[in-house]
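S.K.: In case you want the letters, here they are:
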Amino acid sequence: MTVDALPYTDFYKAKKGIWSWLFTLDHKRIALLYLYAIISFFLVGATLGILMRLELFQPGKDIIEPQTYNQIFTLHGVIMIFLFIIPSIPAIFGNFLLPLILGTDDVAFPKLNLLSFYLYVLGALFALSTLIFGDGPADTGWTFYAPYSVKTGTNVTMSVLAAFILGFSSILTGLNFIVTIHRLRTPGMGFNQMPLFSWALYATSWIQVLATPVIGITLLMIVAERVFGIGLFDPSIGGDPILYQHLFWIYSHPAVYIMALPAMGVVSEIIPTFAQRTIFGYKAIAYSSMAIAFIGYFVWGHHMFTSGMSGPAAIIFSILTFLVAIPTSIKVFNWLATLYKGSIVIDTPLLYALAFIFNFLIGGLTGLLLGALAADVHVHDTYFVVGHFHYVMFGGTGFAFFGALHYWFPKIWGRMYNKKVANTAFAIFLIGFNILYFPMLILGIMGMPRRYYDYLPEFTSLNQISTVGSWITVTGIILMLINLIVAARKGEKAPDNPWNGITLEWQTKSPPPLENFDKMPQIPEGGPYNFPNAYKHKH
Amino acid sequence: MNASNFVEGVDFSLYLILSIAVFFLVGITAVMIYFLIRYRKKRNPVATNIEGSYTLEIIWTVIPTILVLIMFWYGWTGYKPMLTAPNDAMEIEAVGQMWKWTFNYPNGKSSDTLVIPIDKAVKLNLVSKDVLHSLYIPAFRIKQDVVPGKDFSMWFIGQKLGRYDILCAEYCGQLHSYMLSSVHVIEENKYDEWLNKKEDTSNEHPGLTLMKKNACLSCHTQDGTRLVGPSFKDIIGKTETIIVDGKEQTIIVDRDYIFNKISNPTSSTVKGYQSGLMPQLNLSEQEVNDMIDYISTIK
Amino acid sequence: MDHTFHLPNSGHNFDAKSSKLGMWLFLYTELLLFGGLFLVYMVYRELNSEAFLLASFKLNVWMGTFNTVLLITSSMTIAMSITALQKGNKKLSVNLMWLTIIAALGFLVVKYFEWGAKFEHGLVPGMEHYDTLPMGERLYFYLYFFMTGLHGLHVIIGAIFILFVIRGVNKGTVTPERYSLSENAGLYWHLVDLVWIYLFPLFYLIH
Amino acid sequence: MSDNNNVHISSYKEHFSTWAALILLTFMTVAVSVFGAELRTLSVATAMIIATVKATAVGYYFMHIKYDPKIYKWMMGTVLALFTFFMIMLTIDYLTR
Ligand code: HEA
Ligand code: HEA
Ligand code: CUA
Ligand SMILES: [Cu+2]
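Chains as they are written, first to last, in our numbering: chain A, 1 to 539; chain B, 1 to 299; chain C, 1 to 207; chain D, 1 to 97.
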């Protein structure tokens, strides 16, 4: 490996001191601030997950009280959704890479970017403050369904306000990215020459901007109801608790695509790089991102099939739900076709990307089962749903997140990790993950409801397998993190373009200088993934 | 014979989709691994830039669309019959409240397990006294939320003799996972016998009967252990700290205090317990006094 | 090392088009924020149309009409102030903005009296008389206070925004060449007007 | 996006006429509602149609959408389409229960 010998100042060294970090307007530093914050919250949330698995190891009380258990799964859900997975890829890798892959030096509104970060911190503080102040963390589930969320004595108000503030942070990030993509592409880069990761972020950002306000106002209604003692969902004044569910899911279904689309964007970057060939069906992948974002608004009712919603509404929502699966499957098939006749280098990022496809397939296909009316009546609110969403969120987006971390690691830190250890950690993680969550799907079909502190004896053995899986997962993740932490401090120097990537971020130094580029980046000829040394073949 | 009339439709759509899912999962994973091996750098040093193919795009848009419409179709046909109960269905009121199911029969009988005759359509009118619950009978493949302020119902036919679990599937607070009951499918003649048998409560304290009926005992024990609320054991004469309007005060529990607490649960909160959980009930003065009479006997 | 190289498409340069696009995106979020409430209104009106009808008679149409006229007029003045700024007439522009702010204050004063009257009649959620109203009417007044309250908050924010623009024009940071801030304040103000255009008939006029 | 830099400046006259139209429409709705009360449900529809006409005028002339690049119309259209869909689905649910 040759290391570029030219002297330059990277963005770490360009400015010094703690304030130069806390008040930085540089998108790369903000991205790193997000990274450290988000990983910390992930570990907190994960620890709560492990605690739940321990409690569920056998029926009856093991280590915690029912009330504590309820608060734990709520906090686990809130942390994982609002503090980990929604911001994860956009706020970290979007921030770091969007300007780089578009060939510019920052996002459109750097100050707003810093404001988003501090709103994120504020929201996180609100969410965690419930551990110390008031009557303990909320015990409602992350969905805050009325009227329980209004009745319970726990500190729901704080948790809900946290979600509200985090929503604002998310809106501002989305707004920033949309404007950046519209206005700051490098000269000559049209929308159809953009890397697919920016397409994915573009679609995601629109969801953030247009869906988040709806949950904002809904949560404010919950706060008002708690503060004034009466409110808009209170049956005693004619309110309808089901309306709350509608408003909640009008946001929260599109939100699952806020989680999924950036991950798909990452996969669309990794696969062509490691296959060393152009992406198959660029436009199909790009436009299906937009289609998912758009159709995703129309399916929220599939969370409410048994809520008392009317039959005709349920039928319409079911059919729309199936439609949203189609653009997703288009993506999967195009990724698969991209491997065809590639010259594949099997490296850690690619392994994560392929594991994404595998896990996401299980998650997505179980999603189809949930979308079917009759089947959903049986498995709704059971562990089948828990299995489904861990597969898509953790097995999908989580794996893509760690894949992105391994893929852009040399760019971000200028160093390389130990690939053997990384691959071992990956294998343990993948195996543990499936042992942890696959039993949940079976439990669900057998009829074990979710949010259960205690369960019937016939569910014991599968729960035990699942708990053992959680220990294996922990091992894998800890190994992975240690490997990366060691590498970031003492890893060997990485070249500017270790994977022979072709998108613009690989044209600058690793780590990049403060202004990102010290010469004009060159757009690859004939499309963003047109690897020059591959044999050309047009269909 | 299936346990209920819905098992067939639900299971069909479930297994149909599962088999399509397994097919795609296995197929796609296999192709993926094959490509990894066949086109790895060693065996295929020069990649080919294939930009796409309209034919393929169309194929893999159309085939999933068709499959998905089939899935929708069977999901719908399995679901449709759940929407409307036959007119001759016998009606039973199912009441959900924090952590207890109660089933009220037209003749005034009430029971905490659901007893139904075999092969007869049963319609449950769902009533919630507090928050959302969901009545779920896994063996019958049926589930419906119980919403306060709304009159929803569900129906089914029990087709196989036996006892099946009833679970609460919508999170409803602390003891959500203990909100269990069961449905007992029995023969028609046994059912009639059961229905017309008066439960013998004559030698039971009227206060206890009332407390069972109002689910007090799902939160308060009689043996001194703490559940959701304080235990009733030795409660009269106990010194404890309560919170009124945010201020703590120490009191000695007496009849008046308990009377107040039952008639207006939000008037005070026992320190160390969660406020707002105890339900507001519509009880006559006599009934409350009966309960207090009984509570004072718990030693 | 030298820092002479600069990208042409830098995020550090001011760009009027970016700032306008950003503002519009923000307005969409505001629209959907109110949108959520309009959805609640719509559903409850479908469920309780008689009660809503009766309750709406308890509002004062003439005050509402007066406020509508005020807001529409202020919308015109703020739009004209941008035109004035673009044409280089700073003085006129500032004066028109002051007019807008006066209209905003007028709007709030009228609202104050309206709300005051509701308090007197005990129609505010939590008051004793409120608790005796039929269910649908209680929903109506709950929504009325929630929605006009949130709208009032936006009137205040909008007015403060305009104050900033006035300061900017006086200090010379907002100029005929660089009027983005004034344009954005205008857009925000029009949004406040837009929301009211729907609130007014929905609460006052659905007889 | 078009990069054309000669921005359009709306005239005072245009603003004033927009204002006049809005005021006229306002009094029309008030009239329909106060004096035409027997129209009842019809007046809800009328009021909403008039409000929409007013909103369009504000957007088109005051907010300058008329003279902005097409993308602004597209975006606004998308937002409104989404919102309309929300309304339709909620209505379907509540009217068919
Ligand atoms: C990353 C997040 C994410 C993603 C991407 C998805 C994707 C999907 N989800 Fe999921 N979902 C959640 C997160 C997510 N979900 C969460 C968090 C919940 C629970 C919330 C709670 O209650 O707490 C939930 C719950 C949930 C429910 C409600 C269940 C219930 O409570 O009863 C439903 C019902 O329809 C559903 C459906 C779907 C569908 C159809 C998809 C589709 O988009 C999937 C599409 C993908 C594929 C189909 C696989 C790839 C396709 C192929 C390989 C081709 C072959 C395919 C065909 C033949 C079509 N989801
Ligand atoms: C991205 C989202 C995400 C992720 C990653 C996870 C991760 C995990 N979740 Fe998740 N979960 C949710 C989102 C997520 N969850 C949501 C939204 C709910 C619904 C909540 C609700 O019902 O309201 C839920 C609910 C939920 C339940 C159901 C609770 C119930 O219904 O009763 C369970 C039960 O087992 C569970 C378990 C776990 C486990 C064991 C992990 C683990 O896999 C975590 C794995 C991670 C690790 C193993 C990391 C290891 C590291 C450490 C432990 C720290 C070590 C320390 C240092 C090195 C410093 N979760
Ligand atoms: Cu009742 Cu859960
Ligand atoms: Cu969903």
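Heads up, some of the hints might be wrong.
[To be verified] Interface residues of chain C toward chain D, partial, derived using beta-carbon atoms under 10 Å:
#: 1; residue: E46
#: 2; residue: L54
#: 3; residue: K58
#: 4; residue: M80
#: 5; residue: Y198
I should point out that these hints are in silico values taken from the structure, not numbers from a laboratory.
Glycine included, C-beta positions come from ideal geometry on N, C-alpha and C.
S.K.: Please go over all the hints and tell whether each is borne out by the structure.
M.R.: Hint by hint, here is what the structure shows:
1. E46: With a minimum Cβ separation of about 5 Å from chain D (threshold 10 Å), the hint on E46(C) holds.
2. L54: violated (13 Å)
3. K58: violated (15 Å)
4. M80: Status holds, d = 5 Å.
5. Y198: holds (5 Å)
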